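Chain by chain, the residues:
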Amino acid sequence: MSAAKVKMREKKMRNQPTSVQYPSSPLSVESSTQNGGDTPVTGGDVGDGPSDTHPSTERQKSSHHQSGWVRGHQKDGGSYAKEMPKYITAGGFARARAAEVSAMLKAVTKTTGSCHVSAALPKHMRRRAMSHNTKRLPYRLREVANRMRQKSLQAGSKKKKEQAKNKSRKARRRHGNLLLEFNRRQRKNVWLETHIWHAKRFHMVKKWGYCLGDRPTYKCYRPCYRAMSTHCLLQDLSYYCCIELQGEEDKLLAALSQLTNKETGPTFAAALCISGRRQGSVVMYRAGHYPLQPLGPVTFLWRPRTQGSSHRQLWIWAHPTIKQDLLPELQRVCQCCEAVVPPVVPVVTPAEVAPTPEPELKPPKTHGAIQISRTKRKRNCKDASGPPAKKILGDGSRSPTTPVTWRSSSTGIVINDLTMEIVRYRLIGPQSHSVLAETLEAATDCEEMNKSQPSPLWWPEHCKDESKMKLHQQQADIFHILKDIYSTGELPSGAVLGLAVDDPRLTLPTKKVKALPCVKQAQEVDEEKRRELMLRGVPEHCCQSFLWEQSVRDNVTDNKISEQELNRMRSDVLVPGSRLSPTPLQGRVPILLVHQPGKQVGHEMSSWGAGWDLLLPKGWGMAFWIPLVYRGVRIGGLNMSLKHSQNKGAPNFPHDYPDCPAGIGFQEEQEAELLDKFKRRPPAKRTNYIKHGCLAPFRCPWQQLAEEWELITSEGGEEQKRDSQTQTTTDADTVMEEEMTSHTAVTKPQSRFTVLRSRKSLRLLSGWCRPTTSKGQRPCRAGEVPPLDSSAMTSFLTEHGMSLVWVRLSLLSKGKPELHAMVFVPSTEDLKLLSNKSDSSGPQELAHKNHFKSRMKRRKKGSKKTATSSLSSDKTEGKGSDLPSASEPNLTTSSEDPKSSSESSTDLIFGLWPDPLPSITSHCSRVTLGWVTQGDFSLSAGCGEALGFVSVAGLVNTLLNQPKEHRGILLLRNPTSLHYRFAKINIEV
Amino acid sequence: MRTPYNASNILLPEHAENKQPAVEMDPVEYTLRKRLPRKLPKRRNDVYVNMKTDFRAQLARCQKLLEGGGHREICVHGLGLAINRAINIALQLQASSQGALQLAANTSTVELVDDLEPEDPDEAGEPMTRTRNNSAIHIKVFYPDPQ
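Line by line, the protein sequences are chains V and H.
Reminder that position 521 of the first sequence reads as 521 in the numbering used here, one-by-one numbering, no gaps.
Count along the second sequence from 1, then add 1000; that gives the number in the numbering used here.
Errors might be hidden in some of the hints.
Result set (BS3-like, lysine-lysine): computed pairs, CA atoms no more than 30 Å apart in a straight line [what the hints assert, rightly or not]:
(1) Lys1042/H to Lys832/V
(2) Lys170/V to Lys200/V
(3) Lys514/V to Lys618/V
(4) Lys170/V to Lys7/V
(5) Lys1034/H to Lys529/V
(6) Lys1042/H to Lys512/V
(7) Lys7/V to Lys151/V
(8) Lys691/V to Lys679/V
(9) Lys1042/H to Lys814/V
(10) Lys483/V to Lys1064/H
(11) Lys816/V to Lys1052/H
(12) Lys262/V to Lys1034/H
(13) Lys1042/H to Lys483/V
(14) Lys1042/H to Lys219/V
(15) Lys511/V to Lys1042/H
(16) Lys483/V to Lys1034/H
Don't read these hints as lab results, they were simulated from the structure.
It should be emphasised that the depicted structure is a prediction, and the values quoted were computed from it without experimental measurement.
From just these sequences and the hints, can you work out the full model?
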C-alpha cells in the first residue's frame, strides 16, 4: 500500500471506534471463536466472556500481526479458505454480534472525512456558496456551521497575517514605500543603478553578490552581435570593483611588482601606462608565486602626474570574485594593515537646489504653481513620520562601519576600496564614439555673474581657475575631433580622455534615433589635428579628470538634480520641447573615457569589438543610461560579454581561468548546476555519457590531464632515450635533459597545473602550430621560429610540462562545438583521410560499453530486496573495484569485469562515470588533449569555433609527430556525439 | 558631395597577410600592431574587395548590384593585395556584360598607421607609431549614358 493510500485511510478511520476489528489470524481457525469470541487487541470487553471456551487468546494476541479492515481476498489471512467451525456457542456468538452492531451504530452517528456541515447534506440540498453564506443552510445546521466558520476564520487570519502584504498595492507602490522595499531587497545582493531598468527587460541572476542582467527577455542574439560589429552595444559594468592606491610612485611600483611578472606582458610600470595616457591590463599573482597561484586579470589606470609631485593615484579594476583575494594581497604587499574606520556617516545635506537663478528666469505666470508645489512638498515632509527613505547609492549590502580605507605607516600607501563608487559603462562597437559624441557635450562655461560669489558646487569654483578652464577647452577640442572619426578601431588602443560634460538629460531627444557618424570633409587644420590624435594619442595633460577627486565626486553626486525637478523645469520652458537655456549649474559631471582595444591577438578580425568605457561618479548612472539608450544602442547582459570575449578569442573571467580561485569556484558551481539539470531528466531520456565515451561531461579534470600527459611524455622520453642509445646518435645534452624531465616528473607529482601565460613561450608555441587563417586555408607568415624537434621539445617541456595553454580551434567543415567538448589527437589514418578527400567530415568513435549497467540493475534489485544494506562495505568494495581500472591505461581494451565489482558506490548516476575516473587521455580511441570551455558557431568567422585549454606537453608531442602539412590539425568531439570533427588549432599571442 | 574617388579616405579592411610583424624592426624589442585603415561611410553601390571572401561571391555581389539592384554604376575599391582582385572583378563584369559596361579606374595612395609596442624587460620604452603608404584602386563600373 502506498503511503498516500495509508494516509487517506487513516484520515477516513480517524473517527471510527476501534472495537470492530476483523481478525485475520490463521490461528483463530483452530479455535471455535472465529464467529464469536474473536478478540483482537482492543476488544477486551467482548472477549472476556467466552475466554474459557478457547484457551488461545494469548496465542492470538502474539500472532496477531494484521489488524483493521482488510478488503478483498487476502493471501495469508483469508478466512473462508480455511475450514469451517464445527459448532457455534450461541451466547458468545450473540455477544460478539451485539458488539459489532453497537460499533456499527457508533460509526454511523459519527461523521467521517470532511467535517463540513455542508458536506453532510445530501446532494440535492446543497447550494452554491453555502459555506460562505450560512443562511443558505437548513436552519438546524446553521448554528454548527456558524461556529465552524468562526473557527476557520480565526485560524485563517492568523496564517494570512504572516504571509500577505498588509498594504494595498497602491500603498505599496507609493514612492516612499517602494523605496523602502527596494532598500530592503538591496541588502543582500547589491543592485546596480540601472537595476530597475534591467529588471524590467532582462532575466536577472544573482551572481557574485550582485543582481545582474543575464540576457534580455526578447530575442536579440543576432541583433546584439550586429550591434557589436557594426554599431554599438552597451553594458553596465559597474559591478566591477575599483581599488584605489595612493602613494609615492616608486613605493607603489615596488609593492605591485611582487604581484606581477614581466613575462606575461607589460605590467604596472610600463612607460605608457604609468604616464596615465593608457589603460593597462595585467594578470595578478600571489606575491612572489609566479607562475603558480594566479589571482586573475585586472585592468588598471594611473592618474596623470601632477606637476612637482611624486604622489600618485592608481585605480585597479577587478572582477568582484577577485577582489576578496586581491585586497588582502594588496594590503600585505603595501603593508597597509591599519584600517581607517569611517566616521559615523554624517547626513549629507545637498546644497540648496539652484536657489538664486531660478526665480528670475521663471515667467510670473508659473509662480503660483511653484508656490503650490513647494507648500505641498513641505506638507508631505511633515506628514512623513519616521526616517524618510533615501535611495541607496553605492554598495547597499555593506554596513557603514566596514572599513574601506587602509593606511600604512611605513610606506605611506593608502588603499581605498571604491566598490560601487564609480559607475562604469562599456560601449562596444565601431560606432561607440559617435554615440558618445552625440550624447555628451563638453560642459558649458558658467556666466560671469556667478563667478564672483562662492558656490557650493564644484563647477563654478572650477570656472574661476584660468588654467583649469584652458585644460577643459583642450579636452573639449579633442572630444570634438572624435566626431570626425568613422570607426573606434582607428584610435590608439587604450587611450584615456578626461572631460567635464553637461547633464545629458538636457539634450535627450524626443525619439529614439540611431546615432550615426557624420564624417565630413574636414578643414586642413582639423585634418591635421585628427592625424595628430591618431598618431600620438591623447596628450598626457588631457587625461586628467576631476573624477579622480573624491571631493568633486561627492559634490556632484550630492547635488544631482532629481528627475522630478528637471521635469518641472522642463515644463516651465516657454516653448515645449526646447532646451533649458542656461544649463542648471549642478549639471556638470566629470567623466573619464577609456578606449577599449578590441581583438588584438591573432591575424584576423583585428580590433573587432573595440569600444569605449565611460566612467561616471555614482548616482549619475541612470542620467547617462537613458540618453545612451536613446541613441539607438543595443543593451547586452552577462551573456553578451561572454560572446564578446569569445569572438575576441580572449579568455573570459571567471569562466576561462581554471587556475584562479575564482575560476575553480566557478567550475564547481557550473558542474553542480549541470549535474542538477541532468538529473532532472528521467534516466531513459538522459544522454548516456558512458556510451559516448565521455568521462567528465560537466567539468574538466585539468589536474589529472596535466599529470597524465606529464607521465606520457616522460615515458616517451625514456623510450626515445633507449632508441637513441641503441643508435648512439644523440648528443649528451638532450639525454641529460630528458633525464631531467623524467626526474622532475617523479619529484613533483602533486604540484598543481598552471596556465601558460609567458609571452615568449606562447609565441614559440604559436609558431610551431603553423598559424593559418581561421578556416585553415592559407598559412600566415609568422616570424622566424626555431624549428620544432625533440631537443627543442624537451627543453620547452622542462619549463612548462605541467602547463595548459589557451587555444582557439576552428572547425574545418561542419559542426558546432559545445561546452566541454573534447580535443583529441588525430591518428595517422585520420590525417590520411583528411588529405584524401578534403571534405570528409571526420571519423566516428565506436559506442562504448556501459559496464555500469549491470551494476545499476543489481543495485536496483538489491535495494528492493534488502532495504538498505551495509553502506560502508559497499563503498569500500566499490572503490576497490574501481581503483585498478583507474590505474589501467586503457580501459576499453582491458575487460573490466563488472561482476567482480559487486556493488558500486551509492552515488551512481545513470549515464555518468562514477568517481574516481579512469585514465582520461586513453579512454577513447584517440588520445585526449584537452577540453573546450567556450564553443559556439562564430558569427564573425562563419564556422564553428571553440576556445579552450590543451595540455602543453600533449600539444608539443602531437605537433612533433605530425607531418608538416598537417601540423596543427586536431579532432574535436562534443560530449553528446560520437562524431569527430577536424579542427585547426591557433594560439594567438 | 563626397566622391569616392578622392583618395586617401576610402579604404577597405586590410588584407590579412599584411598584418605580420615587420621584419625590419627588431622583433625582440617591439611588437607591431596594425591599426585598421581609415574608413568612411559607404554607399550602397560601393564594393570593397578583400582577400578573405571568396572571389565568386564578390563577383556575384557586384553583378547583383548592377542587374537586380538597379544601380547604373558601382564602385569597386581595392587596397594593397586586393588591387589585383578588384581589377579582376571589374574586368569580369565587363566581359560578362558583352560590352555594355564601361570602366573608369582611379588610383590613390592611402596612409596606414602602425603601432609599435615595446617588449623590453625594463619597460621604459615609449610606444611608437609610424605611418606608411599603400596603394589603392577605385574602379567605377557603369552603363554609359544612351546619348
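Results for each hint:
1. Taking the CA atoms of Lys1042/H and Lys832/V, the gap is about 46 Å. The hint is violated against a cut of 30 Å.
2. For the hint linking Lys170/V to Lys200/V, the alpha-carbon distance of about 19 Å falls within 30 Å, and the restraint holds.
3. Using a Cα cut-off of 30 Å, the hinted pair Lys514/V and Lys618/V holds, with the two alpha carbons roughly 27 Å apart.
4. Proposed proximity of Lys170/V and Lys7/V is contradicted: the alpha carbons are some 44 Å apart, above 30 Å.
5. Distance check on the hinted pair: Lys1034/H and Lys529/V sit about 21 Å apart at the alpha-carbon level, within 30 Å; holds.
6. Only pairs whose Cα atoms come within 30 Å are accepted, and Lys1042/H paired with Lys512/V is accepted, the gap being roughly 23 Å.
7. Distance check on the hinted pair: Lys7/V and Lys151/V sit about 25 Å apart at the alpha-carbon level, within 30 Å; holds.
8. For the hint pairing Lys691/V with Lys679/V, the CA-to-CA distance comes to about 17 Å; that is within 30 Å, so the pair holds.
9. Restraint check for Lys1042/H and Lys814/V: not satisfied, since their Cα atoms lie roughly 33 Å apart, outside the 30 Å limit.
10. At roughly 34 Å between alpha-carbon atoms, Lys483/V and Lys1064/H are farther apart than 30 Å, so this suggested pair is violated.
11. Under the criterion of a C-alpha separation no larger than 30 Å, the hint pairing Lys816/V with Lys1052/H is consistent with the structure, at around 21 Å.
12. This hinted pair checks out: Lys262/V and Lys1034/H have alpha carbons roughly 23 Å apart, not beyond 30 Å.
13. Between the alpha carbons of Lys1042/H and Lys483/V the distance comes to roughly 17 Å, so the proposed pair stays at or under 30 Å and holds.
14. A distance of roughly 29 Å separates the Cα atoms of Lys1042/H and Lys219/V; the hinted pair therefore holds under the 30 Å criterion.
15. Of the supplied pair hints, the one linking Lys511/V and Lys1042/H holds, its CA atoms being roughly 26 Å apart against a limit of 30 Å.
16. The hinted pair formed by Lys483/V and Lys1034/H meets the criterion: a straight-line CA distance of about 22 Å does not exceed 30 Å.
Violated hints for the displayed structure, listed by number in ascending order: 1, 4, 9, 10.
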